[in-house]
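A.B. asks: Residues per chain are reported as follows:
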Amino acid sequence: MSLFNFWKKEETLFDENITIEETRFVVLDTETTGFDYENDRILCIGALALQNGTIAIQNSFEVYLQQDHYDKSTAQIHGILRDFVLKRPTEMEALEQFLVFLGDSIIIAHHTIFDVTMINKALERNNLPQLTNKTLDTAYLYKRTLIKSHLFERKDHYTLDDLADKFDISKKDRHTALGDAYITAIAFLKIVKKLREKKEINLNDLFK
Amino acid sequence: MKNTISHRVADFLKDFPPFSFLHQKDLEKLSEQISIVYKDKDAVIFAESEKTHDSFYVVHKGAVALKKSAKNNVLDMCDEGDIFGLRPLLAQENYIMEAIAFEETILYAIPISVFKPYALENRTVGNFLIESYASNTRNPYSDIHKDKLYGDDLLQENLNSNHDSFDLAPIKYSKKIVTCGPSTTVKDAAKIMNQNKVGAILIVDEMIPIGILTDKDLRNKIVTGDYSIMTTAETIMTKPVITYPKKMTVTEAQMAMMKSNISHLCLTKDGTNNTKAVGILSKHDVMVALGNNPAVLIKALKRVKKVKEIKPIRARIMQLLQGYLDQNIPMTLISKIITELNEACTTRVIEMSLKKMSSPPPVKFAWLALGSQGRSEQMLHTDQDNAIVYENVSEVFKDETKIYFLKFAALVNKGLFDIGYDYCPAEMMASNPKWCMSLDEWKNQVHYWITNPGKNEVLLSFIFFDYSLTYGDAEMVNELSDFIFEDVKANPVFYVHLVSGALQSPSPTGFFRQFLVEQDGANKDNFDIKRRALMPLTDAARVLILSHSVKSISNTAARFEKLAELEPNNRELYLSCSYSFKALLKFRTKQGLLHNDSGQFIALETLSKMEKIKLKRTFKTIKELQELISVRFNISNLV
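Chains as they are written, first to last, in the UniProt record's numbering: chain A, 1 to 208; chain B, 1 to 639.
Quick caveat, the hints were computed from the structure, so don't treat them as lab data.
Ideal placement from N, C-alpha and C gives every residue a C-beta, glycine not left out.
Warning: the hint list may mix true and false statements.
[Said to hold, decoys possible] Stretches of chain A that chain B covers, calculated by requiring three or more beta carbons in the stretch to come under 8 Å of a beta carbon on chain B: (1) 44–53; (2) 173–179; (3) 187–195.
[Claimed, not checked] Think about it this way: if two alpha-carbon atoms lie no more than 25 Å apart in a straight line, the pair counts; the simulated PhoX-like pairs of lysine-lysine are: (4) B/K61 / A/K172; (5) B/K61 / A/K194; (6) B/K25 / B/K14; (7) B/K434 / A/K166; (8) A/K199 / B/K197; (9) A/K193 / B/K61; (10) A/K198 / B/K590; (11) B/K175 / B/K305; (12) B/K276 / A/K143; (13) A/K194 / A/K208; (14) A/K193 / B/K530; (15) B/K276 / B/K191; (16) B/K414 / A/K143; (17) B/K175 / A/K172; (18) B/K41 / A/K171; (19) A/K198 / B/K407; (20) A/K166 / B/K355; (21) B/K259 / B/K246; (22) B/K29 / A/K171; (23) A/K171 / B/K356; (24) B/K311 / B/K407.
The following block holds chain A by itself, in its conformation from the complex:
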């Protein structure tokens, strides 16, 4: 992050009158062939739109991509086999569809940096412009709900499983892109509720 962005963070990003409720968020998750930004590829993008505490199933996005790169070792996590065909567009087509779905909404993910970087790398490969959307990370936001105290050690990393356990969200469909996006969305709603118990917050506060 550049110094410029660092200072910008302190400024007001959004009009004070815009509520969290009326904002359209796109909660997303990607399944990839691995964790290497350069060599690994996106296998699936799952995303859903969240607005006013509501997720309309019709208005969700799940695309399995055609990829040449394939890593057997990660298949046991995401369960996507190479020949598993389900109306698979090319990377280019999938990205275009995704960008339409995303619009200028705020992105929410768990460890957002990974998913966004993966998508940006793919965009770069296809000569498409990078994402400029604002992003939120439930892994970070969750930490803010915890009591600030030296009494107990906060973990550095809270996994999506940790959040699902804490918030009692069923882990069915874990490790499918849209399933994880759903867990992330519910976790986000519960995090906002927790934060509100401490202090009334608006959209800008989420980015602090």
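Starting from the structure of chain A, add chain B where the hints point.
C.D. replies: Then chain B, alone, in the frame of chain A:
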């Protein structure tokens, strides 16, 4: 669009009528059109006489209260899988009730336009809906677009069942009948009764009841030595069985039992003993139907088989609490009974978790309740604070043992969560390795706190020192208590830190004797009764009782009473502390029940003048007490 989430929704709905009647394909299609809605506790889903939404709702998680706002009493409570807000959509009129999220809730909103074709097409679906709304309608399809079909009967019905004519309500009997054949030995029959935790077993011949064997029969005929335990059930059973038809009201059942002086009624298909038995009705069932009382609830707890079944019992404990408060029963008594019941719930969860483990515990252990639960001051649903202490084991088994208890604790914590105790936000739970240790490890830990009394150590010891045994080995806990007293005595400087910690709770009133209210957050302008009034008393009581080395009294009011006994010259102050504490606790509990929360924050404008005066009176006591301890432990020298 068909996708992972629509599958997930369909998978949930398929277990609940009327969706269970739909074809898998239709259900999946329907699910694609659904919206998932999150509602915070107390959020209004729709208001009375509001125009109808274009969807009706199914509760996926949480609970929704349907209310008629004029009277503000809950007409119906919708649970997981329940439908609400459909009738007005079909009748095309405005909502006649208000729907409020009773707890944090996730709903599935199903557009009526999508659902209606199924309701019209699929007879079972339609019938189900008709039945659930107006049980007497013969022709389900006649008036579906007019307003009468799902008329106002619903409202009437609900009102009645909730309040009046209660004794005449049909009684719920247990359909699971415990039976054995006539040639079963009494020994085996007793075993079956034991397994099923019932007091009577029905002797049947192809489900036709031929006799009944009760605890009383066993006592009178076997234990007296008149018959051997290998006697057949047939020989000593009471016969013929007194049978009744299954449609009985509570009063009828009660009368029947009194008339024949029996404790169990056998219900058969046509009411005679020539037809099959369909249910059994015990005195216990009648008592349960008659209302909530501690004995009944404890018994009900003993019978539950799944953690999930405890939740409704907890709800009834809350009703009982409300009743006690309404009747103005002394707080000491109320808190004793309610604590006892809450502990019974926890114990049941522990027992069930033990059963779920693949092997029995490798060594003795004790489950400790900490903080407010440990002090028996927790009456409402709050967070869980607990710990495990287990016997010391040799180095070889150290890891293995710890893993066992951590796994066990995780089960208990999850179980407690399921029955309504939130997870502790600071992770002070037995499933956290830091709160699940062997006796020696605990001693080391406590010693570290006492000899390194920083701010955190004092706070941790505050929470930990109020422990009480919920389940398990008392001796070990005793040993730990002894150790703490000795160690504190040897390190007197620890008191000073305890006292300064106790004096840190913010003061309840400001300079002009106005209430100090919260400045920020969701509870802005509310009075924090826990931190500003209850905690100062609790903290002070702990320091004082520790300085007298009094063991195993952890309840704050009881501690003050003991102190009054030990220090006659301060008797008056301590007694007024005890009184104040009880008054404040009652206040908090009432507030909590009123708002279905922990009662920690009080909106001052809702209090009457009288209540405010009462509250303020307790503050004076708090102040005097704080002065006493700061002088006694010479706090000014330190801070």
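A.B. asks: Could you work out which of the previously given hints the structure breaks and list their numbers from low to high?
C.D. replies: Going through the list in order, the structure violates hints 8, 12, 17 and 19 and respects the others.
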